[in-house]
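Enquirer: For the record, the sequence lines run as chains A and B. In this text, residue positions in the first sequence follow our numbering: the first is 34, and each later residue adds one. In this text, residue positions in the second sequence follow our numbering: the first is 711, and each later residue adds one.
Derived by calculation from the structure, the hints in this document are not laboratory data. Treat the hints with caution; some may be incorrect.
Covered by chain A, according to a simulated footprint, are these stretches of chain B (three or more residues, beta-carbon under 8 Å) [stated by the list, open to error]:
hint: 1; stretch: 714-722
hint: 2; stretch: 809-815
hint: 3; stretch: 826-838
hint: 4; stretch: 926-933
hint: 5; stretch: 947-961
Here are some chain A residues pointing at chain B (derived, C-beta under 7 Å) [as the list claims (entries may be wrong)]:
hint: 6; residue: W48
hint: 7; residue: L94
hint: 8; residue: I171
hint: 9; residue: L236
hint: 10; residue: I239
hint: 11; residue: A241
hint: 12; residue: L245
hint: 13; residue: S256
Where is the CB? At the ideal position from N, CA and C, for every residue including glycine.
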Amino acid sequence: MSAHAPAHPRPKRWWTPTKEAAQYAPPVPLGGPYFGWPLLVLLALAALGGALIVWRFAAGLGATTALNDGYPWGLWIAFDVVTGTALACGGYAIAILCYVLNRGKYHPLVRPAILTSAFGYSIAALFVMLDVGRPWLIWKVPLFFWHWNRHSVLLEVALCIMGYAIVSWIEISPAFFERMMHSKRPTIRAVGERGLSLVQGFLLWIVALGVLLPMMHQSSLGSLLLLSGPRLDPLWNTPLLPLLFLISCVGMGFGATVLESVLSSWLLEHEPKRPMLSSLGRAMVPVVGVYLAIRIGDLVRRDQLGALFALDGASILSLVELALFVLGAGLLVTERQRADLGNLFRAAIVLLVAGALYRFDVFLVAFRPGSHWHYFPSVTEILITVGLVAAEIAGYVLLIRFFPILSAGRHAAPAR
Amino acid sequence: MLYDSTKCIGCKACMGACNAANELELDTEASGGLWHTPLDLNEHAKNIIKLYQDESTGEHAYVKRQCMHCLDPACATACMLGAYAKREHGIVTYEPDYCIGCRYCEMACPFGVPKFEWSKLAPKMVKCELCKHRIAEGKGPACCEVCPVGAVIFGQREDLLAEAHKRLEDDPERYVPKVYGEHEAGGTQVLYLAGVEFEKLGLPAYGDEPVPGTVRTVQHAIYQGFVAPVALYVGLAAAMLRNRFANEADREEHQ
Ligand code: SF4
Ligand code: SF4
Ligand code: SF4
Chain A
34 MSAHAPAHPR PKRWWTPTKE AAQYAPPVPL GGPYFGWPLL VLLALAALGG
84 ALIVWRFAAG LGATTALNDG YPWGLWIAFD VVTGTALACG GYAIAILCYV
134 LNRGKYHPLV RPAILTSAFG YSIAALFVML DVGRPWLIWK VPLFFWHWNR
184 HSVLLEVALC IMGYAIVSWI EISPAFFERM MHSKRPTIRA VGERGLSLVQ
234 GFLLWIVALG VLLPMMHQSS LGSLLLLSGP RLDPLWNTPL LPLLFLISCV
284 GMGFGATVLE SVLSSWLLEH EPKRPMLSSL GRAMVPVVGV YLAIRIGDLV
334 RRDQLGALFA LDGASILSLV ELALFVLGAG LLVTERQRAD LGNLFRAAIV
384 LLVAGALYRF DVFLVAFRPG SHWHYFPSVT EILITVGLVA AEIAGYVLLI
434 RFFPILSAGR HAAPAR
Chain B
711 MLYDSTKCIG CKACMGACNA ANELELDTEA SGGLWHTPLD LNEHAKNIIK
761 LYQDESTGEH AYVKRQCMHC LDPACATACM LGAYAKREHG IVTYEPDYCI
811 GCRYCEMACP FGVPKFEWSK LAPKMVKCEL CKHRIAEGKG PACCEVCPVG
861 AVIFGQREDL LAEAHKRLED DPERYVPKVY GEHEAGGTQV LYLAGVEFEK
911 LGLPAYGDEP VPGTVRTVQH AIYQGFVAPV ALYVGLAAAM LRNRFANEAD
961 REEHQ
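Isolated chain B (complex conformation):
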């Protein structure tokens, strides 16, 4: 998915389409029951259009937020039984049968994407799964299909990357010279173009290292394929056995 903030007109058609395609209830709390007005991604919103505005300079831009479908997803690294995992087409999908609702994925995701159904007694996690059910039917994601100006388009990552770089080249004035998601946090399958700095749109300046990199290095150093804990266990038991025999011998000597 490639989202071009400079094209987006903020009509929010994609938000409605997303809720319809995913059979999500509408969040009308902030509008007093009138419209779907989530304040952030939440259990009723897998997709949101936000407005960035600087009153003093008049600078403004829309930004669409949903799961980034990271190439090396932190949420999937976190999840104990792999409820969140990268599956077909690299989509990070969710299998509630293996989710115990620990919310570690929420702690881990650097983009604050997975949300929890706080209001339910049998809660699940909620996040964009790139309309996997529509893709299985040969259709595209609902948000891309409904967008009236083509601000968000669907395709293979390489094609979208090429398209993004082409737009940067064709119209360098229009854009911040970067495709967000090409390298950030190890790269994401959702890519962004924008006319204002990405950080202002809530897309932080993460390094190129995948987020799970550190924890994998550290855990690997400590555990080394489980050899270390087993060796430690044997060592501990051996030390204890030796101490026991030494104490026994010591006792007998003095009896």
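Extracted from the complex, chain A is given alone in its bound form:
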């Protein structure tokens, strides 16, 4: 399959990018090879995960997970839902830059970032289904609105995750319709055209929702643990949890976007969008700076500096957390640092790990149900996580090969 140049006049677009953005080539499907061995490895891992999911439902949570009455939430919630959705915040962060702040030069990053969000949130929703004990009642959560407990932070998180999972697929749907418009079959072409012009009509309102929902529930993911306050280590227990979660997820979203662009340009051999990425890097410095100021200021205000330097387990983890944030931002301070693609890549990884560690610490380390409880994820929990992440990557690679998601500075390498 070769790259398509649009043969038809495009229907009226929902968005007019800035002139800067217009300089970039429109996104194109990357083309084959579709089934290389890396993809087969990913699919094998995904199949193993799928089999274990069946076992999870056949044998129950007690038999398949290490969760217990002390640690009712474990790897699936702390990593796949809480950290996973933060990693998937690229779409949200880029949408803010591009549409709300009108920085057109980031336009080529929109589709890949939104696709990551769509996958990340869908997987998170799946993990919620796996984790809850009574998933056959889950449909009541969005529908039984007269039963909604308006004080329940989890309700808000659940509704927002479901909502954004749907919103992000609508946001990316023009890519699918555009591809259909190049089909050989006239009926599919017609569906594509219809679909595209339909979606264009209301996409702006959907994209605005796609900024609002993550903003609401990424902060609420932090609020979730406020109820556990009495049993939370004071190093992490602060009413500012929602703010810290919100700011760090923006950093993680940028990090994920940089990582993804650099990786896809290396792996898929197209030109990296260096200037775009380096200015993204610059934007990360103040974000991390604000995060650190609030985190440390809060520790000072709550008189926790002693505990921070006590050098016990909790203190060491907090210090590692802080050091990672400082290191990540430190790699992005000067123009020279940011011009180096490898350096950008390292900074993105460090910041992602920092944000992930913060989330793990709050959900699993800071939570103290009593010393007789212990939790370490079971092999099944880990393999299902690995399997679904593999499925996510495989799905992503397949979609960028079939559908116009990536736009290179120049057109993608011709099919091999």
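Assemble the complex: chain A is given as a structure, and chain B with the ligands must be docked to it using the hints.
Expert: Only chain B with the ligands this time, still in chain A's reference frame:
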């Protein structure tokens, strides 16, 4: 419910009575299949008697644990569809039809009370509901009824509070001078008297603030009755519309 640790003889009659009244299976794992010996509250135990013992001083005391029926319960604040909620007589009861098994209530309860049926394929949450089915029949909770020494008694909270303070006054030597649950975590409907510090019995020194206080303040500050998110949404959409028109105008100018 008022439990007086200094009266309790540790006979555990209340544990058996609780399981019988609530049709719970017995937990015989730790005793090799012989007796009901749960190690903590769990899916087979809504009620447990624990022993605190300090070998060096010989100090010891029993403590009964079950749901505290908080005045402002964290579990009910957590629950999405209100499966756990404060219902008649202030009892925090459970309606499985609205429980999806998320276990947020377990994360939230400051006393570690709600437990999950880990061994079942259609699990529910398990916790003391103050024998609501017996109370509906005009009877008292099974644990209170069976106690041979009256260590745990049932009644209205005000009456029990008065009784507890009377005992403190009558025999100050016997007790730590506090009724646990009068103010802790915003107050609970189950009250405790004890001869050793409550923290040693696993009843932590919580402040007087109800546990859901912080989250309610924070969420209220952020959302203010949903006005804030709607305003934000409108603001975002307005910014985007403005940007779009600006870009369009910009394009036309240069064509
Ligand atoms: S003790 Fe726990 S389960 Fe019982 S009412 Fe209070 S918060 Fe809910
Ligand atoms: S597990 Fe059930 S009762 Fe507990 S918070 Fe979740 S839905 Fe509510
Ligand atoms: S009130 Fe009923 S359910 Fe609660 S501990 Fe006593 S016997 Fe058990």
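Enquirer: Take the hints in turn and mark each one as holding or not.
Expert: Evaluation of the provided hints:
A stretch counts as covered by a chain when three or more of its residues have a beta carbon under 8 Å from one of that chain; for the stretch 714-722 of chain B and chain A the count is 0, and the coverage is violated. Chain A is given as covering the stretch 809-815 of chain B, and this holds because 6 residues of the stretch bring a CB closer than 8 Å to a CB of that chain, at least three being needed. Check on the stretch 826-838 of chain B: 9 of its residues sit with their Cβ under 8 Å from a Cβ of chain A, so the three-residue criterion for coverage holds. Here's how the stretch 926-933 of chain B fares: 5 of its residues keep a CB closer than 8 Å to some CB of chain A, so the rule of at least three is met and the hint holds.
Counting residues of the stretch 947-961 of chain B whose C-beta sits closer than 8 Å to any C-beta of chain A gives 11, which meets the bar of three, so the coverage hint holds. Satisfaction of the interface hint for A:W48 is found here, the shortest Cβ-Cβ separation to chain B being roughly 6 Å, below the 7 Å cut-off. Given the 7 Å rule on beta carbons, the hint for A:L94 holds: about 6 Å separates it from the nearest Cβ of chain B. Satisfaction of the interface hint for A:I171 is found here, the shortest Cβ-Cβ separation to chain B being roughly 5 Å, below the 7 Å cut-off.
Annotation: interface hint on A:L236 violated; nearest CB of chain B at approximately 10 Å, more than 7 Å. Nearest Cβ of chain B to the Cβ of A:I239: about 10 Å, over the 7 Å cut. The hint is violated. The criterion of a C-beta within 7 Å of any C-beta in chain B is met by A:A241, whose closest approach is roughly 4 Å, and the hint holds. Here the hint on A:L245 is kept, as its CB sits about 5 Å from the closest CB of chain B, short of 7 Å.
Checking A:S256 against chain B: minimum C-beta separation of about 6 Å stays under 7 Å; hint holds.
Hint compliance for this structure: hints 1, 9 and 10 are broken, all remaining hints hold.
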